[in-house]
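Chemist: Here's the letter readout for the chains.
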Amino acid sequence: MINMIRAEKYRLTKTKGFYIFWGLILLVVILDLATNTIGAIGLGVGIDTDEMPTYTKDIMFLMGNFNFYFFLLMPVFSIVVGEFSDHIVKNTISSAISKSRFFVYKYVICVVYGVLVFLVVNVGFYGLYAIFRSDYGRADFGVYMSRVMGQLPLIVMLLSVFVTVAFLFRKGAAYNSVMIIAPFLFEVILGICMAIPGLKDFSFLSKVIRYEVSTVMFNIGSGIDFMGSYYRNILIACVAITVLTFLIGYSSFKKREL
Amino acid sequence: MRDVVIKTHNLTKKYGSFTALENANMTIYQGDIYGLIGRNGAGKTTAMKILTGLTDQTDGDYEIFGKSSKDSASIRRRVGCLIENPAFFENMTAYQNLRYYCYQKGIADLSKIDEVLDFVNLQDAKNKKFKTFSLGMKQRLGIAFAIMDNPDLVVLDEPINGLDPIGIAELRDTFHMLAHERGMTLMISSHILSELYALANRFLIIDHGRVLKEISKEELDNECSRATVLRVNDVKGTCVILERDHQIKNFKVIDDGEIRIYDEHLKTAGLNRSLVQSGIEVSQIFEAGISLEEYFKKVIEEEER
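Protein chains in written order, with this note's numbering: chain Z, 1 to 258; chain V, 1 to 305.
Calculated directly from the structure, the hints in this document are not laboratory data. We put the CB at the ideal spot given by N, CA and C, even for glycine. Keep in mind that the hints are not guaranteed to be accurate.
To be verified - Stretch by stretch, here's where chain Z covers chain V in the computed footprint (C-beta under 8 Å, at least three residues):
hint, segment
1, 51–64
2, 70–84
3, 143–154
With the rest of the complex left out, here is chain Z:
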């Protein structure tokens, strides 16, 4: 495992993608700080912005953490999909480790790296915001971190889905197409459902909207009761999806011809 981490660290820092990835994240943070406006991608269904209370910008940054859906696609692409171009993966499987270990190691590396990125960026933003924009008011660090940690299971779940999809598709074009289009497709379908008279009040649809990832990120960021049923349901769903995607990825890759 240590060998794989060392190798991966070495390879990642030799790729342009690594620097583009961190450059983009830095750009978003700098733009947010410079303009004192939080830029965020959200599926935007079910959020009534008129009724939103006023939040400090650091909390709003957390509420927009669905951005990480798109940020974290990149490291998974570099770590997993890169190995499958021209069947490079054969070098490792044939002389270093087995297929099952390869999957587990790559999975762990992606999740650990993704979680580190998430923590570093959020803590970094808080620090920079406190230094440069504290006159606009800021959240208590403890409150801020509890919400960051509250969002963490969703990040792990997303990473688990990304890794499994990457192992299933193995081609850069397929992985990117599916993962980038999926949220927009979801939004379009949901938008259509919302436009159909009578369907808006359908309880299943309301639940989908309430438990959709960007809304959950938004809600946790804005502050929810971590002991309540809403968060408990979120946790159960996150654990279930994480375990399920791990098992699907593991079992399918183990049987896969290389």
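Once you have looked at the hints, place chain V on chain Z.
Modeler: Here is chain V on its own, set in the frame of chain Z:
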């Protein structure tokens, strides 16, 4: 008795209704250079993929360094291989690619990278990106990767594809050195049968997924070498005449009535006369012998009949 490195037991691989490998049995001993001969789609790469853990067999089993296929993951470090085309990270240099695999395999001594790059004559190109490499350079980098960890077994699928004649000759020497000086066991497939003949000491002929013949170089030479075949009624007497009267020592007694003489300058008329004068009945004298390529075709044709 040499140690067995690989032993397969009715190894079978099926893709749906297509059988890529059927009940294949082979034994590879330590220090062997084992040549796999077969047409495209014969099952050579499939066999290599199974033995290197890239795919699982449908049926049968194999032992590698005495471990069964189920436990083979623990001895992967003892195997170096290059299956199908050599593939590395395009935007990384030769050195960076090998360094990545050094870290992955836990090789602490990074000087091994320069050592193997020297070994395959790629030292000058070590800082060039893999995407700029010619096919021959890629093959050599693939071989460098395969031998980097001083493996006990090296599996190479078509390693001389794309190499120029000088490159092929250099690699031939390299393979001999790996086998004879470093004691590595090599399993090599190639379509260039003359090269494989020059390299290997044992051969496996495979077609349509079935093993047709496993043969040592000695046995192959016996069956293929250019020779003058004598069919006589007195083998013992003929041997005496060959040695005493004609100073021929390079011959082999095949069976009770057949002797093969491996002497390009043999004068058959003179030999025939002296045998007849000694009272030995000579029923046949003829030239025999075929190349490995011809032998391969013959085996395939026999099987198809």
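Chemist: Hint by hint, say whether it matches the structure.
Modeler: Now the hints, each set against the structure:
no.	hint	verdict
1	51–64	holds (count 5)
2	70–84	holds (count 8)
3	143–154	holds (count 4)
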